[in-house]
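**Q** Chains as they are written, first to last, in my numbering: chain A, 8 to 232; chain B, 416 to 818.
Hints were generated in silico from the structure; no laboratory data involved.
Errors might be hidden in some of the hints.
What the hints assert, rightly or not - Okay, derived cross-link-like pairs now, DSSO-like style, lysine-lysine, Cα gap no bigger than 27 Å in a straight line:
hint: 1; chain 1: B; residue 1: LYS566; chain 2: B; residue 2: LYS587
hint: 2; chain 1: B; residue 1: LYS421; chain 2: A; residue 2: LYS127
hint: 3; chain 1: B; residue 1: LYS736; chain 2: A; residue 2: LYS172
hint: 4; chain 1: A; residue 1: LYS138; chain 2: B; residue 2: LYS421
hint: 5; chain 1: B; residue 1: LYS421; chain 2: A; residue 2: LYS86
hint: 6; chain 1: A; residue 1: LYS124; chain 2: B; residue 2: LYS722
These numbers come from a predicted model, not from an experiment.
Here is how the chains run, residue by residue.
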Amino acid sequence: MVKKLVILKNITKTYYTGKVAYQVLKGISLEVEEGEFLAIMGASGSGKSTLLNIIGLLDKPDSGIYIFDGQEVNQLTKKELAYLRNRKIGFVFQAFYLVPWATALENVLLPLLYRGKINKEDEKKAVELLKRLRLEKRINAKPNELSGGEQQRVAIARALITNPKLLLADEPTGNLDSKSSQEVMNIFKELNENGITIIMVTHDPEIADFAKKIKIIKDGTFIKE
Amino acid sequence: MFIKYKLLWGGLFHKKLRLFLSVIGIIIGVASLLLMNSFGESAKIKTLKEIETFGPEVMMVVAGSVKVHGGRAIQTEITTTLKPADAEALRKIKGIKYLSPVFNGDGIIRYLGNNLTTIVNGVNEEYLLLRKFPLLEGRNFLKDEILGYKKVAILGYKIKRELFEDKNSIGKIILINKLPFRVIGVLAPIGIDASNTDQDDQILIPWTVAISAVYNVDYIRSIYLSVENLEEIHLIEKQINKILLKRHKVSERNKDFDIVKAEDILQVKTQTTELFSTLVKSISILCLFVGALGVTAIMTLSVNERKKEIGIRKALGAEDKNILFQFLAESVFITSLGGAIGILIGVVGSLIFLPLFDYPLVFPWIPILTSTLLTIFSGIIAGIYPAYKATQVDPIILLRHNF
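Can you make the complete structure from the sequences, with help from the hints?
**A** Pasting the structure below:
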């Protein structure tokens with residue numbers, strides 16, 4: 008039997024803007040098995056990013072149960088959540104979020120800073136990753152010297168440096184042209200084939216087609232397939 | 416290993432102009448703090464040195480009411496009631512070692528067409544011993560010369576240089592206010608004493624000659640005396656006071672003389688320097704505080720600008736304490752950088768300005784230490800708020816654009 012990496016049961020989340028309450032998630036349940044490649048689709052304001060925040064342990068649900076990699080995470084401290092994010096989850100964002108003053112190589116090594124040491128082995132590994140993503144010539148380039156596609160590939164390398172079990176991607180091709188988008192998605196596909204579980208949020212059906220499974224979220228709940 | 420520190424500190428050097436601007440307040444604060452502190456230290460040493468030239472065992476009885484103003488004994492008006500006989504009367508007090516009547520006035524000095532104006536001090540043969548003025552050449556007055564109205568003179572070092580340059584002056588005749596005097600001695604360089612007068616710019620003559628032939632008066636301006644035993648100085652002061660009150664037939668309230676000790680001058684001088692240096696130190700600390708506020712402002716701005724960076728660090732596993740430490744360390748680094756530059760400027764400034772203003776050169780160890788500690792301290796204080804703000808950044812902002 009395949010292990011379930013993510014189990015969400017009846018997750019709700021409400022945001023308050025001023026005095027107006029806005030229930031973003033209205034009882035979401037979801038199970039993601041190891042090795043899966045899931046695309047969550049939905050319009051703006053459907054709650055898909057909030058859901059990704061919760062799955063990525065960046066935000067906590069108001070109610071419901073979340074079991075990540077066999078561990079219930081609702082009661083974990085901020086410190087324990089930070090540890091889990093660092094060890095088990097990789098993030099790829101629409102706006103890349105590379106540190107502007109650091110080189111590609113340094114950006115890739117950033118997650119390891121919070122494990123304490125960065126040694127020669129780590130540097131070698133980072134270079135390997137950048138080579139694998141065909142960035143061998145851009146190792147010492149700063150983000151503003153890279154194209155969008157290159158920046159996103161650096162961000163992917165940064166997500167992979169920690170050997171995460173789960174890769175979370177938020178509109179990973181949202182800021183890219185179609186050629187770069189194809190490239191990035193092919194990388195995701197390849198990573199998934201090598202065993203990494205991927206959950207990706209997008210509103211673009213063409214991109215969602217790269218996933219093995221698609222779920223559509225609308226007004227805070229999944230639409231039945 | 417290097418990359419680790421680059422990733423921790425790189426953000427600091429990203430905006431160099433801003434780094435400089437945030438540092439400048441600290442630089443000014445620390446530099447002025449250091450400069451003022453070393454001036455204060457130096458001033459203390461200078462005062463003590465001056466008092467030493469005066470001597471703790473020396474007292475002055477000055478005619479007229481004397482006020483010590485800013486470390487200077489200022490005679491407020493000319494009083495003619497202090498007579499040579501008063502000096503003789505004081506001589507009877509037990510425990511007095513040396514005593515000299517003093518009459519001082521301006522003198523025009525001439526020697527072979529060289530003209531100059533200086534202070535002429537009429538004294539007796541004990542004056543040099545009392546003031547501990549060493550002779551460079553020649554000899555002191557003789558008692559007979561004082562009593563016998565002999566026109567002999569001892570020159571201050573500068574006067575000798577100006578009139579005679581390198582040539583021998585002993586035995587030469589000079590004119591003081593048109594009267595001929597024979598030079599018998601030259602004083603060694605002394606410098607400025609506690610009364611702020613340059614003791615190298617004077618001529619000493621017998622007081623008898625001064626009040627008779629040169630100035631034609633029947634009074635003296637002051638009496639210098641020293642005590643055998645320093646412990647008796649207050650006792651002797653009281654006796655002098657008593658004797659003179661009686662002789663002048665005046666009460667304590669309207670007395671026409673004043674007694675000034677080294678101690679009194681020292682006290683007023685230290686009070687003034689201390690007041691001054693407290694004032695300046697407070698201003699410098701205020702300056703440092705303003706500098707620290709500047710760092711707080713810049714760091715807060717920087718945290719606001721780097722929210723995404725902070726968010727991504729958190730998403731990648733940074734704990735609050737990592738973020739807190741990073742930004743605290745940045746503040747401490749900025750202020751320390753400013754502090755280091757400030758200390759450098761302060762030290763160089765001290766080394767340049769102290770000799771320029773004739774202050775003794777002190778290397779400001781203690782000020783350096785205190786400024787360093789103060790800087791690091793203000794760095795931490797300055798960093799607390801922005802660092803706390805940084806920990807409050809919520810990484811969900813990274814995904815907020817389309818929730």
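**Q** Work down the list of hints and note, for each, if the structure agrees.
**A** Here is what the structure says about each hint:
1. Among the hinted pairs, LYS566/B with LYS587/B is consistent with the structure: their alpha-carbon atoms are about 12 Å apart, no more than 27 Å.
2. The hinted pair formed by LYS421/B and LYS127/A meets the criterion: a straight-line CA distance of about 15 Å does not exceed 27 Å.
3. Restraint check for LYS736/B and LYS172/A: the C-alpha separation of about 26 Å stays at or below 27 Å, so the hint holds.
4. Proximity of LYS138/A to LYS421/B is assessed by CA-CA distance (about 22 Å); at most 27 Å being required, the pair is judged to hold.
5. At most 27 Å may separate the alpha-carbon atoms for a hinted pair to count; LYS421/B and LYS86/A meet this at roughly 24 Å.
6. For the proposed pair LYS124/A and LYS722/B, the alpha carbon gap of about 24 Å is at most 27 Å, so the pair holds.
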